[in-house]
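Asks: Okay, here's what each chain looks like letter by letter:
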Amino acid sequence: MDALELARLQFAMTGNLHFLFVVLTLGLAPLVAIMHTRWALAGKPLHERLTRFWGQVYVINYALGIVTGLVMEFQFGLSWSGLTHYAGDVFGAPLAMETLVAFFLESTFLGLWIFGWGRLPRWAHLACIWLVTLTAYGSAFFIMAANSFLQNPAGAVVRGDRMELVDIGALFTNKALIFSFPHVIGAGLFTGAMVLVGASAYQLRRRTSEVEFFTKSLRTGVTTAAIGIFLTVGFGYAQFAGIQEGKFEGDTGAVPLGIMIEIGQLLALVVLFAMLPLIRVLPRWRWTHPLLMLMTPLPFVLAIMGWLAREVGRQPWMIWQKLTVADAMTPGLTPPMITGSLIAFVGVLVLLAIVDYVLIARVVRRGPRELDLGAVREPALTY
Amino acid sequence: MELIWFACFTLLLAGYFALEGFDLGVGLLLPILGKSGDSRDRMVAAMAPFVLANEVWLVAVAGTLFGVYPALEGEVLFGLYPVVVAMLLSWILRDAGLWFRRRIGGAAWRGFWDLMIALGSLGLSFGWGVALYAAATGFTSSLLNPVGLMLGVVVTLLLAFHGWTFLAWRSPGLAGVTRSGRALALSGVVAAVPAVGVLLGSMPYLLDHTAPAETLNVLSVMTLPFAPIVLIAQGWVWRTFRPGKDAVRIPSFF
Chain A
33 MDALELARLQ FAMTGNLHFL FVVLTLGLAP LVAIMHTRWA LAGKPLHERL TRFWGQVYVI
93 NYALGIVTGL VMEFQFGLSW SGLTHYAGDV FGAPLAMETL VAFFLESTFL GLWIFGWGRL
153 PRWAHLACIW LVTLTAYGSA FFIMAANSFL QNPAGAVVRG DRMELVDIGA LFTNKALIFS
213 FPHVIGAGLF TGAMVLVGAS AYQLRRRTSE VEFFTKSLRT GVTTAAIGIF LTVGFGYAQF
273 AGIQEGKFEG DTGAVPLGIM IEIGQLLALV VLFAMLPLIR VLPRWRWTHP LLMLMTPLPF
333 VLAIMGWLAR EVGRQPWMIW QKLTVADAMT PGLTPPMITG SLIAFVGVLV LLAIVDYVLI
393 ARVVRRGPRE LDLGAVREPA LTY
Chain B
4 MELIWFACFT LLLAGYFALE GFDLGVGLLL PILGKSGDSR DRMVAAMAPF VLANEVWLVA
64 VAGTLFGVYP ALEGEVLFGL YPVVVAMLLS WILRDAGLWF RRRIGGAAWR GFWDLMIALG
124 SLGLSFGWGV ALYAAATGFT SSLLNPVGLM LGVVVTLLLA FHGWTFLAWR SPGLAGVTRS
184 GRALALSGVV AAVPAVGVLL GSMPYLLDHT APAETLNVLS VMTLPFAPIV LIAQGWVWRT
244 FRPGKDAVRI PSFF
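Listed in order, the protein sequences are those of chains A and B.
Going by the working numbering, the residue at position 1 of the first sequence is 33; the numbering climbs one at a time, nothing skipped.
Going by the working numbering, the residue at position 33 of the second sequence is 36; the numbering climbs one at a time, nothing skipped.
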C-alpha cells in the first residue's frame, strides 16, 4: 500500500474506534444525568445506585473516548496538513470551538462530577453531570459541523490557492449538518439505551437478586431506545434531501449505507412495535432476554456503517469538489512513517479498547455493588 | 488581534505546563516515592481530581494551533513526527493507567498500570524537551541532537520537582515536607519557562503566520465570551479539591 492508502486506513481505524466509544458516551450521558436528577429530587437509594452503576459504565467507556480522540485531533497535523493549508481558516473554526470551549468544559466538569462525590453540595454535583451532557452535545455539534463542511463546503469561498470563511452562519446551518447532527444524537441515545436493555436482560436472565434495579433499567432502556431509533430513522431519511448529487452512485459507500438502512429499519420495527408495547412484561419474559442481549452490539455496527457510508461516499474528495484526499495528505509523508505510527496507534488502542470492554462487562456482571464511582468510605480493613 | 491570540496561545501552553506539569511530575515520582502500593494509591489520589481539568489544556493548545496558526500546524506536527507519535502513545498509556489501575483488584494489575503511568509521564516530559528544542531551531536540527536530549532531561526534572511541590502542598505526608500554595505557583511558573521561552523567541514568526483577520474575528466572537466560564470552572476545581482535612480521599476513582 502507498502512503495515501495507509494514512486513510489509519484515519478510518482510529476514527471508527473513537466513534464506538463516543456514540455510547452521547447516549449514556443524558440517561445518567436523568438518573442523578431523580436521585437528587427524591433522595431514594435506588436512584443513587442507578446513578452510580450506569455512571461507572459511562466513565469507564469515557476513558477510551478520550485517548482515541487525542489521536484523531493530532492526526490532522500529522497526516493531513494539506487540509489545514487549504481550508484551515474555515475548518479550524469549529475545531477550535470544540477544543477551546466545549471539550475544555466537558473534561473539567467530568472531573468535578467523578471526584466531587460526597464533596460537592447536592445541586452543584447534579449541575456537573448536566453540564457534562450539554458540553458533550456541543462537542458533537462542532465536530459534525467540521465534518459537514467537508461534505458540503458552505460558508467559504476559494481565494487564491486557499479557502476563506465568509459566512459563519452558513457553516452552522449547512444542509449536510442540520439533519446529520440529530441523526447522530438519536443514534447515541439508541446505543446507550440498548446497552441498558442488554445488560439488564443479562442480569434478569441470570435470576439476579436485583430485580427492581434491572427491571427499572430495562424499562428506561426500552423507552429511550424507542425515542432514539425514531429520531435516528427520521433524521436519517431527512438527510437524503441534502445529499451531494451522485454520492452513492456505483460507489463502495452504497454497501454500508444499504446495510445500515436495512438493519436499522428492522430494529426500528422490533423496538417500536414489539419491545415498546411489551414493556410491562419484558422484564418477566425470560425467553426474550437472550434476544435482547443479541441486539446490544447492533447499534454499534450500524453507527460504523453510517460513518463508512458518509466518509467512503465522499471519495476521492477530502472537501467535496474542492480538495482531493491525495492533495490533502502531508507532503513528504512516507510509507515507513505512516506504517510505524499505524501499527503503534492501532495496536495500542485496540488492546486498550478490548481491556475497556472487558472492564465494562465485569461491572455489568457484578451488578450494582462495590462500585468505585461515588465510593466515599474506606472499605473495612481485613487482616 | 494577532497579539491577543498569541497571548491566548502562550497562556494555554503555559497553563498546560503549570497544571498538567504536576500530574506528569507525580507520575514520574510514582516509582521513586511510591514504594508501596498504598503510597502509590495516595499519590494518584492526590492528583486524580485535577487530571481531567489539566490535560485538556493541551487539547486546547492543539485546537488553537489549528484555528489560529493553520499554516504552521502541519509544519510543527509533521516536523516532529516520531516525537509526536511517541508523545501521543505516552499520553494514551498514562491516561489508560489512571483510568484502569483501580478497576480490578490485585497488586500485579495495579502495579502494571502504575508502571504505565510512570513511563507515560516520562515519555511526555522528555518528549517535550526534545520537541521544544526542535521548535526553537525551526525543525532544522536532528531530533537526537544532544542539546535537545539534554533539554528533555531538564524538563523532566523540572516537572518532577513541580510534582513533588504539588504533593507537598496537597498531601504533605506523601512528600515528607509541606509547601505553601505560593511555592506551588512558583514551581508552576518555573515548569512553564522553557515552553514560554520558545514561544516568545518565535513570536515574530508566529505573528507572521496567523490566520486572516476574518477567521480571528470569528474565533474571538465564538470563544472569548466563554473564557470567563472556562476559568470559573477551572477555579471551581481548585476550590473543591483544596488541601485540608480529608483532602486525599481513599478510595479514589483513579
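Any given hint could turn out to be false.
Pair by pair, the computed Cβ-Cβ distance ranges are [to be verified]:
no., chain 1, residue 1, chain 2, residue 2, range
1, A, 272, B, 250, 54 to 62 Å
2, B, 108, A, 156, 30 to 38 Å
3, A, 153, B, 108, 30 to 38 Å
4, A, 270, B, 250, 50 to 58 Å
Now the stretches of chain A that chain B is said to cover, found in silico as 3 or more residues with beta-carbon under 8 Å [claimed, not checked]:
no., segment
5, 115 to 126
6, 129 to 138
7, 194 to 208
8, 363 to 370
9, 375 to 384
Calculated from the structure, these hints are not laboratory results.
Just so it is clear, CB atoms sit at the ideal spot from N, CA and C, and this is done for glycine as well.
Asks: Check the following: the C-beta atoms of residue 153/A and residue 108/B are separated by a distance inside 30 to 38 Å.
Replies: Given about 32 Å between the Cβ atoms, the range holds.
Asks: Test coverage of the segment 375 to 384 of chain A by chain B using CB-CB distances below 8 Å; three residues minimum.
Replies: Holds: 5 residues of the segment 375 to 384 of chain A have a Cβ under 8 Å from chain B.
Asks: Examine the segment 363 to 370 of chain A for residues whose CB is less than 8 Å from any CB of chain B, and state whether their number is three or more.
Replies: holds (count 3)
Asks: Would you check chain B against the segment 194 to 208 of chain A, counting CB to CB pairs closer than 8 Å, and say if three or more residues qualify?
Replies: holds (count 4)
Asks: For the segment 129 to 138 of chain A, does the count of residues with a C-beta closer than 8 Å to a C-beta of chain B reach 3?
Replies: holds (count 8)
Asks: Starting from the range 54 to 62 Å, see whether the pair residue 272/A and residue 250/B falls in it by beta-carbon distance.
Replies: Holds: the Cβ-Cβ distance is about 56 Å, inside 54 to 62 Å.
Asks: For the pair residue 270/A and residue 250/B, does the Cβ-Cβ distance stay inside 50 to 58 Å?
Replies: Taking Cβ atoms as reference, residue 270/A and residue 250/B lie about 52 Å apart, which means the hint holds.
Asks: Under 8 Å between beta-carbons, do enough residues of the segment 115 to 126 of chain A, three at least, approach chain B for the coverage claim to hold?
Replies: Result for this restraint: holds, n = 8.
Asks: Given a hint of 30 to 38 Å, does the C-beta separation of residue 108/B and residue 156/A actually sit inside it?
Replies: With Cβ atoms ~32 Å apart, the hint holds.
Of the hints listed earlier, there is not a single one the structure fails to meet.
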